[in-house]
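Novice: First to last, the sequence lines map onto chains A and B.
Residues 1 to 859 (our numbering) make up the first sequence, in order.
Residues 1 to 343 (our numbering) make up the second sequence, in order.
Read the hints as simulated data drawn from the structure, not as lab findings.
Treat each hint with caution, since some may be false.
[Claimed, not checked] Simulated restraints on C-beta separations: (1) 394/A to 298/B: 41 to 49 Å; (2) 692/A to 6/B: 33 to 41 Å; (3) 786/A to 184/B: 46 to 54 Å; (4) 6/B to 689/A: 45 to 53 Å; (5) 307/A to 298/B: 52 to 60 Å; (6) 196/B to 134/A: 30 to 38 Å.
By construction, the Cβ of each residue, glycine as well, lies at the ideal position given by its N, Cα and C atoms.
Here is what each chain is made of, one letter per residue.
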Amino acid sequence: MAEPIRKPESEDAPQREPNIIGKPFRRVDGRAKVTGATKFADDLAFPRTAYVRLVRSTQPHALIRSIDFSEAEKVPGFLGALTGKETPIPFGILPVSQDEHALCPDKVRFVGDPVAAVACVTEDAAYEAALRVKVEYEPLPTISSIEEAIATPEPRIHDYGDHGNLHKVVSMTFGEVEKGFEDADEIFEDTFYYEGNTHLPMEQHSAVAVPEDDDRVTLYSSSQTPHYVHRALAKVLELPAARVRVVACPNGGGFGGKSDPFNHEIVAAKMALKLGRPCKITLTREEVFYCHRGRHPVLMQVRTGVKKDGTDVRIVAQRLRTALDGGAYGSYGVASTYYTGALQTVTYKMPAYEFQGVRCFTNKPPCGPKRGHGTPQPRFGFEVHLDKIAVKLGINPADLRLGMLAEPDSITANWLKIGSMGLRRCIEAVVEGSGFRERWGRLPEGRGLGLACGSYLCGAGLPIYWNHMPQSGVMLKLDRSGGVAVFCGESEIGQGSDSILAAVVAEVLGVALADIRLCVADTDLTPVDLGSYSSRVTLMVGNAALQAAERAREMISKAVSEQLEIPESRIVFAERRVFDAQDPAKGLTFQDALIATEARFGTLATAGSYIPPRSPGRYRGAGVGPSPAYSYSAAVIEVEVDPETGLWNPVHVWMAHDVGRALNPVLVMGQVEGGVYMGLGEVMMEEQVFRRLPKHLSSALVHKHPSVLEYKSPTFHDMPPVTTYLIEDPDRQGPFGAKEVGQGPLLPVMPAVANAIYDAVGVRVDQVPIHPHMVLKALEAKRKGQEPRFGPKGFPEVDFGEELIVPTPGQGGDGTAINDYREKLRSGMRSSAGTMMTREEALRKKKLAALTTDLKGAK
Amino acid sequence: MLRLPQFNFVHARSLDEAASVLSGEGLVRLVAGGTDLWPNMKRRHQQATTVVSLMGIPGLAGIDVNGEIHIGATTLLSDVVASAAVRERYPAFATAVQSISSPPLRNMGTIGGNLCVDTRCTYYNQTEEWRRSIDYCMKAEGEICWVATSSPRCWAHTATDSAPMACALGAKVKLVSKDGERVIPIEDLYRDDGIDYLAKRPDEILTGLYLPAEATADRCRSAFWKLRRRGSIDFAVLSAAAALWTAPDGTVEKARIYLGAVASRPLAAQESADFLIGKKLDAEIIAEAAKLTRKVATPMDNTDFQTQWRGTMVQRYTEAALREAAGMDPGRLGPKHGLPVVG
């Protein structure tokens, strides 16, 4: 596989300080955002638009008996309707979980599952018509929790998955775990629970589909992943992908909640084609809670063996078990399941590691990726667990961590390749800033400090569907106007991706941000970028942009050096000029340079692309976790706790984040503070929880509070001051050394709070969110001489099946499992198109392989 | 977004006009700021064929100071908070009003609207589709109160912050109808029923609130404490309003304590108040009095926070309110009580 990282500059090439990169430049979309000029999807208006509303299931689990539109049709302005019969083709974000339908054809799986759609000339009429659609259901038994799903294999919510209502079961072991526990001086075991919560973006999802001639359709949508929406649309609409265009409008926040292809997007497109007029769906806030794809509720058990030699403490083995409540559909769930185990190894040395995970189907809105995707839950467990170990062993929690940090440029037990690693500096920064060494354990009753760390990916190493094509592409068009047009499939979700794309190009070509015209997130016009997820954009788009810009610079250098009659190596690009490093007065304006280049080479366009380096892991499941680089964060949080009521409050947050290099320090700090805010929301109050009514009276299983008033999320009254430290330890994989910041800084927040509450009042709440009644219960237990703790009691019995055994690098492994029969098939797993096979193809192939084996056995 | 259903809208120019429309045909509802009614109608758990706005009626808004204070029904909540007279004479009432929702909603909402605000419940304040999923509830279109399934009554809880304090201060309200007007003690405005929570007749319009001269800060010591999840926006999940009248030697002569959000009406903590009479306030006496609230208040699982914990907080918050009224340090209790009144 090619490694299209920028080629090293020649040694004699003139070097200059960056003019934009590293500076707090104004984001390119900032003015439009604050003046209201930005057009979000719901702002788009087309003549003859029909308004569409989805009729959603009022049953948590039921067969659809009949759908009656007769009353709806009487609403003035009614234009048409759709049912699941017209959208029979399933879709889903992962090739292995194509389990969703635009409209349910025969069965509903949660309250909110779309059953039908109506289109009317006004939004009012559509709302009224949708209320008048009568759907008859035949209720089925429901499953509301992890424990129920494990205990109830029948009836199945889906007819696929590993077993019963267990969607995915994972079991793998790296190194000599049992021996590690035998050799350990002490073994610690804890159980944790992390409640589900949702993204709560300010903008509700909206989609507008516009039909065009020749069976073409354009979909404008608030999506983080227009490319994946494009694929799903082409599949479900049964149109060639080239006739479907998806444009992602700027998102009013995504946080992972707009990363799946959604029912409403497909319905809008299908209805537009059916009615021959533009169709628009803007979801209500309640519907956003039903789209969900938020944080999985996770029950966890972590067991760690440590060796202790004075103050030197080492982890010798860890076993982590996780159980995820996945909700009603697959979504990213298979990846989420792996993610609850994958990044446990990148912060501290861990020579032996065992991970077992299970994801359950339940009759609730599907869970998926939310900021931190699958890793905040085990990170919470791990960091609280470490705090308990430090207290038990009488070691300062900072020293415990500093003594066992993973090494930079190393490979973990589960075959993740760590590059730069700034966690030491992160811990040192927050420990010093907060006075942790002097103050931890010494504050008066009711005040406490807690420390925790975290790490996150800078982009998933593999695309969602297997292929060998670039994960990000950037094209430049330059001409005699002196302007540079940049084309890229990335989508701006508020994180600043547009600004980074423009800044990288402007920096390389020595022009101003105002000289760059962006065209982004349009599947017809821009080269593919996989989307704004997994913290991949700065690194992957940045590298692709760098390559495209450097290719342009090369052409311009050649043309200008010929015109100026100086060697190319002396050419400098800065301040909108292209000039001689030895005689800066000698040179051309950037526009004249482009004129010279266009004359010399013809019409000017360059392209750059990026594919991450291949990960050393080769075992089944090794695709989740690898990344070109890992960011690191550490936080100290101070809390006040009222022992009379259990009410607690964050007082101050110190957060250090190893971003590699801050391309724009103001944007980076904004992301850090945003991550802190979101993390505090999760630990203080946010929860996506459900009510089941008494079974003898009702079959209802409903979201407890699908509204922004009753789903509690902090206001700025609840937000404490944050001191941010940017740790810059450039990573050679990142553009200009940059790593991610969008997700990592959330991770340490929840455990740091839990640890601080322990420091304040001496009790453990092994659960998120930490409600006051939990603190009070734990305090009561403490007063009674019982275990001063509130949290889950145990982990359910699960058959995790045969464990995948993967020798570690330390054991001389080669990255493969010694018992992975599928490994033998892998060479045949790719289709000729260069993409991963569909599930059906793979199953066919597997059957064939099994047959071959049988035949061999027969001989 | 959620859409309003169709209805007739009357922008009344006089009280007579409003009263006449109100006693006319169809299901008629009054609206002032609309911060309660419009969301309820969008969610279809309140309906109306005609909605009469009181906002255009001359003289219905405004604060009159004349020994007692009269606050007109359509006076904006933010104007109540901004009134120097209200803040000086009834500081705890200003605190209570300022704790209502958020600045934008206080700029829309009115005192009359807050006094009459619909009772709330997590089974009720939901969209039409959501309520279909539970086959509705007793308060709107259904049969069963899902908070207590064998209950013959609805347990929706009172959601007004101004009323418990107004009750404690001994305020009165004026009700006007086509047939005349009457002034009643505000505690008589409420009934302990989640559906019929107001004792006012359907044809009556609440036109104003009288805060009595005998309850001004120089004669009465008062305090308001509100428990909610966040520092803004949230309805109370519990509030404690206390007003104490003491003799010069500190002996309590009269005491009124009302609890919000733990019943379908502002709930008098009568035993606690009675316990204080004839006693001098100290920490122990206050703690004893607060303990007595546990018997009267029975929070239900129909709002935020765990129910049992809210029960224990009734005592804590009453204690805090009494301590503050008595001039003692109210304790920590976390950050979510009434914010200090700012000018």
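Novice: For every hint, state whether the structure bears it out.
Specialist: For each hint, the structure was consulted:
Range check, residue 394/A to residue 298/B: about 47 Å between beta-carbon atoms, so the 41 to 49 Å window is met. Checking the proposed 33 to 41 Å range against residue 692/A and residue 6/B shows it holds: the Cβ atoms sit about 36 Å from each other. Distance hint for residue 786/A and residue 184/B: a CB-CB separation of about 52 Å, consistent with the stated range 46 to 54 Å. Against the hinted window of 45 to 53 Å, the Cβ-Cβ separation of residue 6/B and residue 689/A comes to about 35 Å, which falls outside the hint.
Checked against the hint of 52 to 60 Å, the C-beta distance between residue 307/A and residue 298/B comes to roughly 55 Å, which is consistent with it. Distance hint for residue 196/B and residue 134/A: a CB-CB separation of about 32 Å, consistent with the stated range 30 to 38 Å.
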